[in-house]
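Number of protein chains: 2
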Amino acid sequence: MSIDAIQDIYPEDYAWCYGCGRLNKEGLHFKTIWQGDKTITVYTPRPEHTAIPGFVYGGLIGSLIDCHGTGSASMALHRKNGHEIGDGTEPPRFVTASLHVDFMKPTPHGIPLKAIGTVEEIHPKKFKIRTEVFAHNDCCAKGEVIAAVMPAAFKQKSEV
Amino acid sequence: MSIDAIQDIYPEDYAWCYGCGRLNKEGLHFKTIWQGDKTITVYTPRPEHTAIPGFVYGGLIGSLIDCHGTGSASMALHRKNGHEIGDGTEPPRFVTASLHVDFMKPTPHGIPLKAIGTVEEIHPKKFKIRTEVFAHNDCCAKGEVIAAVMPAAFKQKSEV
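In the order they appear, the protein sequences are chains A and B. Note that the first sequence ends on residue 160 in full-length UniProt numbering; no numbers are left out. Note that the second sequence ends on residue 160 in full-length UniProt numbering; no numbers are left out.
Be aware that one or more of the hints could be misleading.
Copies of the same chain are indistinguishable here, so a pair counts whether it falls within one copy or spans any two.
No more than 30 Å apart at the CA atoms, straight line, and that leaves these computed lysine-lysine pairs for DSS-like [as the list claims (entries may be wrong)]:
1. K38 with K125
2. K31 with K80
3. K105 with K125
4. K80 with K128
5. K105 with K80
6. K142 with K126
Treat the hints as calculated values from the structure; they're not laboratory data.
Same shape as in the complex, but just chain A (with noise of 0.2 Å):
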């Protein structure tokens, strides 16, 4: 099997985020690649995953956003390191500093959602990353993370 997600080489200690993390069982597992210079992530909601009836939760919405934008930064910076998925090489893991999401229109259940994001770096630990999270050909909902490398704070607490 080819590896092409960068959630699936993240380092195990930080494998366990419950929106994109491959060892949280009960988590979203929502999966980054790249499409050219363009990030993706493409995920169907759970069946409880409503606003109301018949439309996504915002905050579903908002967890995509969030883990597509720290997924993208660290695909980004791997690539800027010389690296690519599944070379072999562990990637550098992001946190969120900020996330601001506009809804569009009401997102539909019931079908997938891809989220495709475009990144800029701003600081050499820092990325900017704007997504937009599409519904068939509708744009349901706009974002910006800015991601930051994962700071020493998080990490002390890990290892303890």
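Guided by the hints, dock chain B onto chain A, whose structure is given.
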């Protein structure tokens, strides 16, 4: 049992939100109450709601701020309309127009989080809610939600 939370009196058709709908069995069941002129939502994240072990998932914090925002807006307009929670009238239901979260510091997992909101009317049908999320006495995240009275597009779909 006295009814204190706005989510306990949302109309049944609009009580299915994954974040705060009392009828969504798999949902998070956020409950928002008045405390003076502030709005309060207390929530203890589930074991699986981790970013990395020991810290709360940012998307969960975003979800908390989101539903706390729409709930607070509903409470504010309900009160402005001359009603109080528990007087037998149904409150207006809001949706999120935008969500912004600044993550101030890693949020410890395993304890209750307390969201404290300040509501400001910015239009007769639109409210801004500024929220601070505390773990113990630490403000771990600050959020801002623009909430708007639920548009007809939602209602039409939910009646299908």
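Now the hints, each set against the structure:
no. : hint           : result
1   : K38 with K125  : within (19 Å within a copy, 37 Å between copies)
2   : K31 with K80   : within (20 Å within a copy, 45 Å between copies)
3   : K105 with K125 : between (33 Å within a copy, 17 Å between copies)
4   : K80 with K128  : within (15 Å within a copy, 40 Å between copies)
5   : K105 with K80  : between (35 Å within a copy, 27 Å between copies)
6   : K142 with K126 : both (20 Å within a copy, 20 Å between copies)
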